[in-house]
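So the sequences go chain by chain: A and B. For the record, in the first sequence the residue sitting at position 130 is 130 according to the numbering used here, with numbers rising by one throughout. For the record, in the second sequence the residue sitting at position 54 is 54 according to the numbering used here, with numbers rising by one throughout.
These are calculated hints, taken from the structure and not from any lab test. Here a beta-carbon is modelled for each residue, glycine too, at the ideal position from N, C-alpha and C. You may find that some hints are simply not true.
Unchecked claim - Distance ranges between label pairs, derived from CB positions:
| # | chain 1 | residue 1 | chain 2 | residue 2 | range |
| --- | --- | --- | --- | --- | --- |
| 1 | B | K3 | A | K243 | 22 to 32 Å |
| 2 | B | R181 | A | I110 | 40 to 50 Å |
| 3 | B | S107 | A | L187 | 52 to 62 Å |
| 4 | B | S107 | A | F26 | 47 to 57 Å |
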Amino acid sequence: MSVFLCLLKKELRTCFYSPIAYVVMFFFWVLTGGNFIWLLSQLAHGESLTLATQLMFSGPMLTFALPVVVPLITMRLFAEERKLGTLEALLTTSVRVPELVLAKFAGALIFYIVLWLPAFAYVYIQNYLCPPEVIGFPDGGALWAGAIGVVLVGALYIAVGLFMSSLTSNQIVAAISGFAVLFGAFLGTMYMAYTAQHPGIRILGQYFSSFAHMMDFARGVVDSRIVVMYLTHTAWFLFAAVKIVESKRV
Amino acid sequence: MIKVSGVTKKYPARLAVDNISFEVGRGEIVGFLGPNGAGKTTTMRMLTGYLPMNSGTIEVAGFNIVNQPNEVRRRIGYLPESCPLYPEMRVDEYLKFRASLKGVKSSARRAKIAEVKEQCGLTEVGKRIIGQLSKGYRQRVGLADSLVHDPDLLVLDEPTVGLDPYQIRQVRELITQLAERHTILLSTHILQEVEAICERILIINQGKIVASDTEENLHRKLHACSIIEMEVMADQKTAISKVDALEGMDVRNSSVLPDGWLWLEIEADSPSMRIELFNLAVAEGWSLRELSEQHHSLEDTFVQITRAAGGHV
Numbered sequence: 001m002s003v004f005l006c007l008l009k010k011e012l013r014t015c016f017y018s019p020i021a022y023v024v025m026f027f028f029w030v031l032t033g034g035n036f037i038w039l040l041s042q043l044a045h046g047e048s049l050t051l052a053t054q055l056m057f058s059g060p061m062l063t064f065a066l067p068v069v070v071p072l073i074t075m076r077l078f079a080e081e082r083k084l085g086t087l088e089a090l091l092t093t094s095v096r097v098p099e100l101v102l103a104k105f106a107g108a109l110i111f112y113i114v115l116w117l118p119a120f121a122y123v124y125i126q127n128y129l130c131p132p133e134v135i136g137f138p139d140g141g142a143l144w145a146g147a148i149g150v151v152l153v154g155a156l157y158i159a160v161g162l163f164m165s166s167l168t169s170n171q172i173v174a175a176i177s178g179f180a181v182l183f184g185a186f187l188g189t190m191y192m193a194y195t196a197q198h199p200g201i202r203i204l205g206q207y208f209s210s211f212a213h214m215m216d217f218a219r220g221v222v223d224s225r226i227v228v229m230y231l232t233h234t235a236w237f238l239f240a241a242v243k244i245v246e247s248k249r250v
Numbered sequence: 001m002i003k004v005s006g007v008t009k010k011y012p013a014r015l016a017v018d019n020i021s022f023e024v025g026r027g028e029i030v031g032f033l034g035p036n037g038a039g040k041t042t043t044m045r046m047l048t049g050y051l052p053m054n055s056g057t058i059e060v061a062g063f064n065i066v067n068q069p070n071e072v073r074r075r076i077g078y079l080p081e082s083c084p085l086y087p088e089m090r091v092d093e094y095l096k097f098r099a100s101l102k103g104v105k106s107s108a109r110r111a112k113i114a115e116v117k118e119q120c121g122l123t124e125v126g127k128r129i130i131g132q133l134s135k136g137y138r139q140r141v142g143l144a145d146s147l148v149h150d151p152d153l154l155v156l157d158e159p160t161v162g163l164d165p166y167q168i169r170q171v172r173e174l175i176t177q178l179a180e181r182h183t184i185l186l187s188t189h190i191l192q193e194v195e196a197i198c199e200r201i202l203i204i205n206q207g208k209i210v211a212s213d214t215e216e217n218l219h220r221k222l223h224a225c226s227i228i229e230m231e232v233m234a235d236q237k238t239a240i241s242k243v244d245a246l247e248g249m250d251v252r253n254s255s256v257l258p259d260g261w262l263w264l265e266i267e268a269d270s271p272s273m274r275i276e277l278f279n280l281a282v283a284e285g286w287s288l289r290e291l292s293e294q295h296h297s298l299e300d301t302f303v304q305i306t307r308a309a310g311g312h313v
C-alpha cells in the first residue's frame, strides 16, 4: 500500500472515531432534512422546479451552515498532530509533506461528501414518492451541476480550514479562525454581489461569492471560469499549508 | 554510523546548537547528556531530519541527511521526547500503520510486528487502545514503533522520562537488550541510566559539545587525584603526621568516630597507594577495619563539566 493510501486510511479512521464527526453529521443531516421538507412544501405550493434544485443545494440553511461545519471537520487535521507531537513522528519517516497534506485533504473531502449523501438520497425518495414524469423533478443536469458545485465549494472551504489548522496546535483556534475567514468571505462577497450600490463591486462580488456560485451550479450552469477558480484557490491553500508545515516545525 | 561535523542551528531568538561535531561508531551505545535547554533534542531532531540545520553536515551510515533524507530515515528508529502516539488507535493498528509508513513490505509486516511486540513485551496488549495504556506501556509502544523497520541506529530522546522506578528498570533492561543488535544514541536526565547502559558519554552544554569520552576517562580527566578512606585504631595526631609523611599523600579530613575508631579521608596520587597505607598500619601496629577508594559519581562529573563550561544545572 502506498504511503498516501496508508495516510488516507488513517485519516478516515481517525475522523470516524472522533465524536465531533458524529455531532457534525447529526446537525448537518438535521439541516438537510429540514431543507428537504421545506423544498417539498415549496413544490407543493407550485414553486418553480428551477427553484427546487436551487433549494436542494443552496438553500440558506445549508450555505450558511457550511462555513461553520467545515472548520469543525478540518480543525483537528494538523493542530492535533502538532499537539500530540505525532507530526514529528510522521515527518521522520519517509512521508513527504505534500503527501501528508493531500491525504488529510482527501480524508476531509470524503467525510464532507458523506455529509451530503442523504441530500442525494432524498432525491431518490422524492422520485419514488412522486415519479419525475408527473412533476419533472429532478432535472438530471442540474442535479449533477449542483453536485459539482457542492464538491468544489467544499474543497475550497476544506483547503482554507486545513491551512488554518496547519498554523496552530490549538484546535479551537484553528476552528474559530477557519470559521472567521470562511464566514467573513461568505458574507462579505454575498453583500458585495447582492446589496452593494456600485456596479463594479457587484460584479466583483459575483465573481467571488460562493453563495452566487452555488445558485448558478444548482441551476445547471457550470461556468468553466468558476471551476478553474475553485480548483486554483484550493490548490493555492493546499500549497500554502505544505509550506507552513515544512517551515513551522517547533 | 553517525558523523556530525560543524552543525549549527539558530532559532529566531537564540543559538540552540553551536558548531558541534561528534561521531558515533557502529554498535556503540552513547549517552547524550546535558542540562535542560542545552540542545539535546534539537541535535536529535536534526539527526533524524525533522529540523533543518543552518550549517554543517550530518551523515548517517554514509548517507547525507540533506541529500538523501529517506536513506537516512530508513536507517534510524527514532523515539521523540514526548513519545507521540495516536491515543484512539489500538496497539496493533498503530504498529501496522507505522510499519506501512516506514516501508516494511506487506508480506513481512505481520511477522515483524509480532517480533517487536514480543521484544517490547506488548504481546498481551495488542488489542488495547493506546490512550488507555499506562505510561510505561505507551513508552514500549513508542520503542516498538522505532524498531519496526529494523533500523541500524536507534535515537531515543529521554525514553524513561515520567516513568515509575519499576517501569524505568523495565525500559532500561529492554534498551540493554536492544544494544546487542543496534547502535544507540540515548539522551536522558537520569545519570544512573547512562552509567548502567552506555559505553560512551557525550555532554552538551549551551549548544556546544563539552565532553566526549568513556565514563572512566571522564572521571580520570576531571579527578586527577584519588580519595581514599581509612578507619584505624590509632591516635589522631600521630596517624595524621605519619600519613602526611608518606610521599604523594595528604590527609584532607579526619575525625574520631563515636566507637573510638579514627576516620581519615586521604588525597592520594593514585588509588593503588592503598597498599602503602596498609603497610603503614601494619608497621605501626594499628588495627585497620576500612581502606577503600571513594568513587566519583557521574553526577559529580556531569555537574563539574557543565559548571566549568559556564552552564547551570
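State, for the Cβ atoms of B/K3 and A/K243, whether the hinted interval 22 to 32 Å holds or is violated.
-> holds (31 Å)
So does B/S107 sit 52 to 62 Å from A/L187, Cβ to Cβ?
-> holds (55 Å)
Hint says 40 to 50 Å; check whether the CB-CB distance for B/R181 and A/I110 agrees.
-> holds (41 Å)
Measuring from beta carbon to beta carbon, are B/S107 and A/F26 in 47 to 57 Å?
-> violated (42 Å)
When each numbered hint is compared with the structure, a violation occurs for hint 4 only.
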